[in-house]
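A.B. asks: Going line by line, the protein sequences match chains A and B.
Numbering-wise, this note's numbering puts 154 at position 101 of the first sequence, and it's gapless, one number per residue.
Numbering-wise, this note's numbering puts 374 at position 64 of the second sequence, and it's gapless, one number per residue.
Hints listed in this document are in silico derivations from the structure and should not be mistaken for laboratory results.
You may find that some hints are simply not true.
Here are the simulated SDA-like pairs of lysine to any residue, each with C-alpha atoms no more than 25 Å apart in a straight line [claimed, not checked]:
| # | chain 1 | residue 1 | chain 2 | residue 2 |
| --- | --- | --- | --- | --- |
| 1 | A | 290 | A | 77 |
| 2 | B | 347 | B | 510 |
| 3 | A | 311 | B | 425 |
| 4 | B | 312 | B | 328 |
| 5 | B | 312 | A | 492 |
| 6 | A | 480 | B | 425 |
| 7 | B | 510 | A | 193 |
| 8 | A | 480 | B | 488 |
| 9 | B | 320 | A | 488 |
| 10 | A | 115 | B | 488 |
| 11 | A | 311 | B | 328 |
| 12 | A | 491 | B | 470 |
| 13 | A | 412 | A | 193 |
| 14 | A | 491 | B | 510 |
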Amino acid sequence: MEILQQILFLASIAVSVALFSKKIKQIRRNIFLGQPEVINDHYAERWKNVLLLAFGQKKMFKNPTVAFLHLFVYLGFIIINIEIFEIIIDGITGSHRIFAPYIPALYPLLINSFEFLAASVIIVCLIFLIRRNILPVLRFKSNELKGWPSKDANLILLIEIILMSLFLSMNAADSILQQANQEPYSLHKTGPFLISSYVSVIFSGWPIHALILLERICWWLHILGIFIFLNYLPWSKHLHILLAFPNAFYARLTPQGKLHNMPSVQQEVLYSFQPELAPAQTDSTSHLKFGAKDIQDLSWKNILDAYTCTECGRCSSACPANQTGKLLSPRKIMMNTRDRAEEIGNNINKNGSFKDDSKSLLFDYINEEELRACTTCNACVEACPVSINPLDIIIQLRRYLVMEQSSAPSEWTAMFTNVENNFAPWKFSPDDRINWTKE
Amino acid sequence: MKIPVMADEKAQGRDPELLFWVGCAGSFDQRAQKITKAFATILDKVGINYAILGSEEMCTGDPVRRAGNEFMFQMMAYQNINLLNQYQVKKIVTACPHCFNTLKNEYPELGGHYEVIHHTELLQTLLDQGKIIIKDSGPFKGKKITYHDSCYLGRSNNIYEAPRSVLEALDAELVEMKRCKKNGLCCGAGGAQMFKEEEKGNERVNLERSKEAIQTNASIIASACPFCNTMMTDGIKLNEKETDIEVMDIAELIAKSI
């Protein structure tokens, strides 16, 4: 019986790790469908961002209440992993609480702190469920969250509540069995724990075999639940728990107001002013594409941004266009980018390489009206706790619209003409520039 | 007041140490021209050796670049950088945060390397150095002023304190809007929105922002950007508050207080 459990356990680890790494490889491939952008400078500053923004969750603390609640779930996630480490060793070797005899004084303290965190996670997840579904928080009511995204969010919270409840029930059954001198539980007398001792009241009258069964079921469901949750991550907005770290590392360090240069255009303009610099023979067959229409035109960092997005909506609730009822929502831009990257990824999985599906991120997912409402104010960039830059994508799509499609509102077309002919966005003669000095 | 123009100065063998980049709004927009004049008055009074480019100045390319027209941006950048380099310009001051951002952050990789400062930064320095002295009983003493952060000065370039410290020198009562500094709400003009109608929605961005300014009960909204100034002025008018609240650039507030 024992050995069967060990075999089953090893098999379930193998399956979950294999599935998880397969999906992660696909996501990695999807991210690198984007254009190469070399980001390998200022390492000190980048690590500082990882510490402050990802580990330290600095930007979450703009709203301290929510930040503290989120912190409990986050600490729960990180610290309870130590306990999972023990559970995995127990599962493989068939031992029970393998760490307990080595650190007899520390062990109960550790488990007590895990239990405190587990209880906090349950309470906070309940609060978050209420907040998300009942309280009037506008950013949780947006159109782009209808359907799967809001189910995803609730599912994450529910899974966390279930996992933590299983953990506490397992410990509760364990400590009753310890007191009843039932082996192997009684081998390591840890005494009752901080939170599960209250849970054990529910099970106190149960017969021994039922308690053993309960402990085993909870132990198995808890660890299987974790394996399932691990494999759920890549399909969910919850992937931010992993990608927030690399995304903070690769976050842009230049002033927010600076747009990416387009060296290809810079060169064309240089040649038009100084034709003598232009190479004698130009390859007329190669057409440079300006701006971005689809995933492959964006930088890989834009796609990493999209996979990192946890759809919290802080960007959209800071966006002046979104707040005044325009169609633009920076969160939707990120969700669309991820959805389209997944669609292209699935296309590649199916066909071996990308087979044209006559769709694109621009037009099929994001339309002109959304893009044109952006004031480039950087409020979305500033608001994002995990270093995402929706504006960078918006600008690249705008570039495609204007330079590849000549698609711009008529007022903009007039403005372009003015800049070209009069060197000002308004129709004034350059000579009138000094009129103010004459009055 | 005579405004020195770079071409004339150079022709006469003079070498202005500071270029005042006026910008399109500052040159052509009637309201913004007043800001330009106020700032030029201050430069003149302090005795700074400056010049403008006059009719040789061109749009920096900020609005076309943000609209997506990179070609037009590069054309403007090429011509401006050529001119600035030809005049061996080293230091530029501008009263427009959009010009400021483009000159400071976007021209260097195209070959234009200058020390670029915003007029609020220069005003702060001049106040700190005692070169500008505010009158004891200035017209804004004790008045309630709220400062509207320009996105291209604030979030884009992390300049939050210079405009505020200049305002503090006026001995006025500075009140903040609910959303300020890093969380400041845009006036609605950036990203080339200034040059087109807004997309359809429930409200205009400038109306939303001016409502927030009105809630502070300030009698003056201080701006540091000619586009914010236009947007806030229109917003105040739409709210029918133009008799109670005035939108003024920081340069104008200082010019009237010295």
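A.B. asks: Take the hints in turn and mark each one as holding or not.
C.D. replies: Against the structure, the hints come out as follows:
Only pairs whose Cα atoms come within 25 Å are accepted, and residue 290 of chain A paired with residue 77 of chain A is accepted, the gap being roughly 14 Å. Between the alpha carbons of residue 347 of chain B and residue 510 of chain B the distance comes to roughly 36 Å, so the proposed pair goes past 25 Å and is violated. At most 25 Å may separate the alpha-carbon atoms for a hinted pair to count; residue 311 of chain A and residue 425 of chain B meet this at roughly 16 Å. About 16 Å separates the Cα atoms of residue 312 of chain B and residue 328 of chain B, which keeps this hinted pair within 25 Å; it holds.
Among the hinted pairs, residue 312 of chain B with residue 492 of chain A is consistent with the structure: their alpha-carbon atoms are about 10 Å apart, no more than 25 Å. Straight-line distance between C-alpha atoms of residue 480 of chain A and residue 425 of chain B comes to about 30 Å, which puts the hinted pair past the 25 Å bound. Pair hint residue 510 of chain B plus residue 193 of chain A holds up; C-alpha atoms about 22 Å apart against a cutoff of 25 Å. A hinted pair counts as satisfied when its Cα atoms are at most 25 Å apart, and residue 480 of chain A with residue 488 of chain B does not qualify at roughly 38 Å.
Taking the CA atoms of residue 320 of chain B and residue 488 of chain A, the gap is about 21 Å. The hint holds against a cut of 25 Å. Distance restraint check for residue 115 of chain A and residue 488 of chain B: the Cα-Cα separation of roughly 14 Å lies within the 25 Å cut-off, and the hinted pair is therefore satisfied. This hinted pair checks out: residue 311 of chain A and residue 328 of chain B have alpha carbons roughly 23 Å apart, not beyond 25 Å. Straight-line distance between C-alpha atoms of residue 491 of chain A and residue 470 of chain B comes to about 34 Å, which puts the hinted pair past the 25 Å bound.
Distance hint between residue 412 of chain A and residue 193 of chain A is unfulfilled; the C-alpha atoms sit about 29 Å from each other, more than 25 Å. Under the criterion of a C-alpha separation no larger than 25 Å, the hint pairing residue 491 of chain A with residue 510 of chain B is inconsistent with the structure, at around 41 Å.
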